Amino acid sequence: MPVLWRTFQILRAIFFTIGFDSLKVLYFETIVIIIVILAYINLCFPQPKRRSSTESCTRKQNDEESKQSKENNTSDITKFVDLSLEKQYEQVFKSSSSPLMQHTPLNDSKKGKTETLFPDGSKEIKYSNGNTKTISPDGNLVIVQYFNGDIKETNLANNTLKYYYSENCIWHTQFSDGTELLEYSNGQKEKKYKDGKIEIMCSDGNVVTKHPDGMEEVLYPDKSKIIKNVNGEKTLLLPNGQKEVHTKEHKRREYPDGTVKILYPDGTQETRYATGRIRIKDSNGVLIHDSHL
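First residue of the sequence shown? That's 3 in my numbering, and the numbers climb one at a time after it.
Heads up, some of the hints might be wrong.
What the hints assert, rightly or not - Computed beta-carbon distance windows for the label pairs:
(1) D152 with E246: 45 to 51 Å
(2) A276 with K196: 41 to 47 Å
(3) I202 with S130: 17 to 23 Å
(4) T237 with S187: 29 to 35 Å
(5) H294 with L184: 53 to 59 Å
(6) K115 with S168: 20 to 26 Å
Since the hints were made in silico from the structure, they are not lab data. Computed from a prediction, not measured in an experiment: that's the story for all the values here. Idealized CB from N, CA, C, for every residue including glycine.
Please construct the entire structure, taking both the sequences and the accompanying hints into account.
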């Protein structure tokens with residue numbers, strides 16, 4: 003206030019210096035006092051900001067949407083609570099990107115079904131999705147025929163599970179000891195053991211056995227056998243008792259009487275007899291050494 007009063011006196015002195023008479027000075031002083039009072043009132047008591055019509059409409063629309071959202075949420079929660087536990091699980095966890103949700107279950111016991119009980123005690127259940135389940139009288143054999151042609155056989159008596167893939171015409175059997183058997187439409191069978199050994203029974207009668215250490219055996223219908231070792235060495239066992247061995251250094255054939263014939267990479271032939279005699283021929287078949295001559 004002292005600053006305003008000092009300013010007021012300076013303005014009065016300026017007016018008198020300019021040459022204003024007392025009436026004019028009083029007039030201007032009144033105007034200045036009114037301006038100062040209005041400024042002070044506006045400063046101490048500011049008017050509330052008035053909203054435009056657009057802002058009012060937007061606020062009203064937002065309030066209505068919020069109210070509608072709350073009502074919808076309440077309705078959704080009420081509907082959710084009324085659902086069964088399985089339906090609640092579906093609504094919470096189902097996802098279009100999940101392969102489990104995209105896959106249509108082959109055997110859905112919740113779908114409509116028709117049960118038929120036969121005189122022998124066996125039961126047949128037909129589902130609305132096209133699947134058919136057959137249960138033996140003792141309940142140990144359960145066969146499910148799926149709508150896509152696949153078949154699953156569960157044998158509780160010997161703890162085996164067989165599955166038929168109709169698309170590839172393959173039977174896959176799992177045994178209780180961990181062994182698996184694959185049966186192909188061309189007659190080939192493949193048996194996988196728990197220790198990693200694989201036995202392949204080809205349609206031509208050959209049997210190929212692959213061992214975990216990398217060794218392979220091939221058994222032919224005539225009972226001859228080829229053994230392939232990890233180091234690349236091959237051994238041919240013939241039904242007549244002869245044995246032929248292929249190595250990187252040579253090829254040799256061993257006879258039941260003890261004779262051994264060896265063929266070297268350069269064509270040289272060596273024959274060793276059970277008596278200790280040794281004969282060597284060059285690549286042209288010319289005898290170059292005989293230990294008994």
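Going through the hints against the structure:
| no. | hint | result |
| --- | --- | --- |
| 1 | D152 with E246: 45 to 51 Å | holds, 47 Å |
| 2 | A276 with K196: 41 to 47 Å | holds, 45 Å |
| 3 | I202 with S130: 17 to 23 Å | violated, 42 Å |
| 4 | T237 with S187: 29 to 35 Å | holds, 34 Å |
| 5 | H294 with L184: 53 to 59 Å | holds, 58 Å |
| 6 | K115 with S168: 20 to 26 Å | holds, 22 Å |
Consistency note: the structure conflicts with earlier hint 3 alone.
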